[in-house]
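Novice: Each chain, written out:
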Amino acid sequence: MKRLRVLGFFWGFLFAVCVLPAEALDLGEALKGVVIGGTAVTSGQTGEAPPKTEAIPGEGKPAFSLKSPSREQEIDIGREIAGNLLGASPLVDDAALQTYVNQVGRWVANQSERADLPWRFGVIESADINAFAAPGGYVFVTRGLYRCLENEAQLAGVLSHEIAHVVRSHHLKILKQSQLLDIGAGWVGKRVGTDREILRKVIGSGAEVCARSLDRSAEFEADRMGVTLTVRAGYEPYGLPEVLQTIGQTGRDESRVTLLFKTHPHPDDRLLELDESIGNRLDAVRGGKTLGNRFYRLKP
Amino acid sequence: MKIHAFLLTVLLAVPLLPGMCRAAETGRALKADVLRSAPYSDARKTGVIVRGETLQILTKKGAWLNVKNGKRASGWVRLLSVRRGTAGSGSTSKGVLDVASGRAGTGTIVATTGVRGLNEEELKGARYNAAEVKKLDGYAQTPRQGEQFARRGGLRAVKFAYLPEPKQKGGRR
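Note that the protein sequences, when read in sequence, are chains A and B. Every letter in the first sequence is one number past the one before it in the working numbering, and letter 171, counting from 1, is 171. For any residue, its number in the working numbering is found by taking its place in the second sequence, counting from 1, and adding 1000.
Hints were generated in silico from the structure; no laboratory data involved. All figures in this text were calculated on a predicted structure; none of them were measured in a lab. Possibly wrong hints are sitting among the right ones.
Unchecked claim - Derived lysine-lysine pairs resembling DSSO-like cross-links, with alpha carbons at most 30 Å apart:
1) A/LYS173 - B/LYS1060
2) B/LYS1124 - A/LYS176
3) A/LYS289 - A/LYS299
4) A/LYS289 - B/LYS1159
5) B/LYS1071 - B/LYS1045
6) B/LYS1061 - B/LYS1159
7) A/LYS176 - B/LYS1060
8) B/LYS1031 - A/LYS173
9) A/LYS262 - B/LYS1031
10) B/LYS1124 - B/LYS1135
11) A/LYS289 - B/LYS1061
12) A/LYS173 - B/LYS1045
13) B/LYS1159 - B/LYS1060
14) B/LYS1060 - A/LYS289
15) A/LYS299 - B/LYS1060
16) B/LYS1124 - A/LYS262
17) B/LYS1071 - B/LYS1060
18) A/LYS262 - B/LYS1167
19) A/LYS299 - B/LYS1134
20) B/LYS1061 - A/LYS173
21) B/LYS1060 - B/LYS1167
22) A/LYS176 - B/LYS1134
23) B/LYS1135 - A/LYS299
24) B/LYS1068 - B/LYS1031
25) B/LYS1135 - A/LYS173
26) A/LYS289 - B/LYS1071
27) B/LYS1045 - B/LYS1061
28) A/LYS289 - B/LYS1068
29) B/LYS1045 - B/LYS1060
30) B/LYS1071 - B/LYS1061
31) A/LYS262 - A/LYS176
32) B/LYS1045 - B/LYS1167
As the list claims (entries may be wrong) - If the Cβ cut is set under 8 Å, some of the chain A residues that face chain B in the computed set are:
33) LEU91
34) GLN103
35) ARG106
36) GLY122
37) ASP128
38) SER169
39) HIS170
40) VAL202
Heads up, the beta-carbon is just placed ideally off N, CA and C, and yes, glycines get one too.
Assemble the whole structure, with the sequences as input and the hints as a guide.
Specialist: Structure follows, in structure tokens:
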């Protein structure tokens, strides 16, 4: 079913590409219309909305702004990235662990503005210390990072940071920035590619978006929101800072933190930034739980 | 008589041992801050810490650490002003924080046989794995299930506004 929808996306896209006037002056704008119109096919199968001014000539598809993609479109993009990431690192084969992480993650996500998303959490098979988020509510923690955790509040802190990336659409913004340029280049080169190539234009190849750096400000924002969500969920607020403390002790030249340190500000800088933001705002927060006793420990 | 005194000393000392063990943790000041007599921001000032100096961490209480800096002073300081542990080669900063951090890359590496890391090339070349996505779906929880799970752990939702962006940019850039 899912596959069919993706196919629909491709054919819609191809069709839209074919009818696009090649001599469009503002290529970027025109291509935005293409991607958008094409993607809208997935959700526009039943109701036919009237075309907006930017719609492709001769097409009855609703124009769709990537500035505010539909919930379904966002989930589709995230699911594709998540599937690719799982292609590189599968889930740790431990149903109890995966269920536990989904329980904690779901409860924390309930405290955000996007509680409506079909949140999915997973621990993936990698010795690296890292965590990833993809649009639409996909969140992954590596086995290496999970091993650093000591209690449920810390897990909640890590998941909260990633949940914040999803809530603020940080990765979607990154995709948007690069996508138009990439498609522009491909268009000038050879007009139309295969289905696979076109999909890569949208999300990049594989899960490369997971290896891309966000703005430092986006990371700091996710830290602040992460601490906030942890507090809202009733946990001890310092779960995330404690994990940052632990990661900060890892040497920069250790390979298991190479990607994390490359794509994120150093934990020390993140702690200082958090400190500036927190001030005495957490002093009144009482009764937060750590839940070290219920924390699911990995088998050695 | 002498033996009794000895035994008494040993018996009295034993309960203190765990506390002494914990006192071995050290940390480093991430920034200059004030030491206070109690873990509250309005408690009496007992001293200061200087950025980069090594601290002995005695205990932790909520957002506060009870620390001692050598012979000079002891007191409570905010958790976020201190980086726990002495390992690591520090951040982008140069100078005092980089001193005495030559331990990077040794000691803490765990056995990782058979488990890969994730580098950019691997991520770029990754292929969609439908079976794993299906498994992932199978573990998903509904909002209601999340609530039930929280209740079992005694967690209660708290109203709390998002923390603001700091006005004055902290940290080393």
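Novice: Taking the hints in turn, state whether each one holds.
Specialist: Outcome of the hint check:
| no. | hint | in the structure |
| --- | --- | --- |
| 1 | A/LYS173 - B/LYS1060 | 39 Å, violated |
| 2 | B/LYS1124 - A/LYS176 | 18 Å, holds |
| 3 | A/LYS289 - A/LYS299 | 24 Å, holds |
| 4 | A/LYS289 - B/LYS1159 | 15 Å, holds |
| 5 | B/LYS1071 - B/LYS1045 | 17 Å, holds |
| 6 | B/LYS1061 - B/LYS1159 | 23 Å, holds |
| 7 | A/LYS176 - B/LYS1060 | 44 Å, violated |
| 8 | B/LYS1031 - A/LYS173 | 33 Å, violated |
| 9 | A/LYS262 - B/LYS1031 | 23 Å, holds |
| 10 | B/LYS1124 - B/LYS1135 | 22 Å, holds |
| 11 | A/LYS289 - B/LYS1061 | 13 Å, holds |
| 12 | A/LYS173 - B/LYS1045 | 46 Å, violated |
| 13 | B/LYS1159 - B/LYS1060 | 25 Å, holds |
| 14 | B/LYS1060 - A/LYS289 | 15 Å, holds |
| 15 | A/LYS299 - B/LYS1060 | 28 Å, holds |
| 16 | B/LYS1124 - A/LYS262 | 16 Å, holds |
| 17 | B/LYS1071 - B/LYS1060 | 20 Å, holds |
| 18 | A/LYS262 - B/LYS1167 | 26 Å, holds |
| 19 | A/LYS299 - B/LYS1134 | 24 Å, holds |
| 20 | B/LYS1061 - A/LYS173 | 39 Å, violated |
| 21 | B/LYS1060 - B/LYS1167 | 28 Å, holds |
| 22 | A/LYS176 - B/LYS1134 | 27 Å, holds |
| 23 | B/LYS1135 - A/LYS299 | 20 Å, holds |
| 24 | B/LYS1068 - B/LYS1031 | 15 Å, holds |
| 25 | B/LYS1135 - A/LYS173 | 28 Å, holds |
| 26 | A/LYS289 - B/LYS1071 | 35 Å, violated |
| 27 | B/LYS1045 - B/LYS1061 | 18 Å, holds |
| 28 | A/LYS289 - B/LYS1068 | 27 Å, holds |
| 29 | B/LYS1045 - B/LYS1060 | 18 Å, holds |
| 30 | B/LYS1071 - B/LYS1061 | 23 Å, holds |
| 31 | A/LYS262 - A/LYS176 | 22 Å, holds |
| 32 | B/LYS1045 - B/LYS1167 | 25 Å, holds |
| 33 | LEU91 | 6 Å, holds |
| 34 | GLN103 | 4 Å, holds |
| 35 | ARG106 | 3 Å, holds |
| 36 | GLY122 | 5 Å, holds |
| 37 | ASP128 | 5 Å, holds |
| 38 | SER169 | 16 Å, violated |
| 39 | HIS170 | 15 Å, violated |
| 40 | VAL202 | 13 Å, violated |
Against the hints set out earlier in the document, violations occur for numbers 1, 7, 8, 12, 20, 26, 38, 39 and 40.
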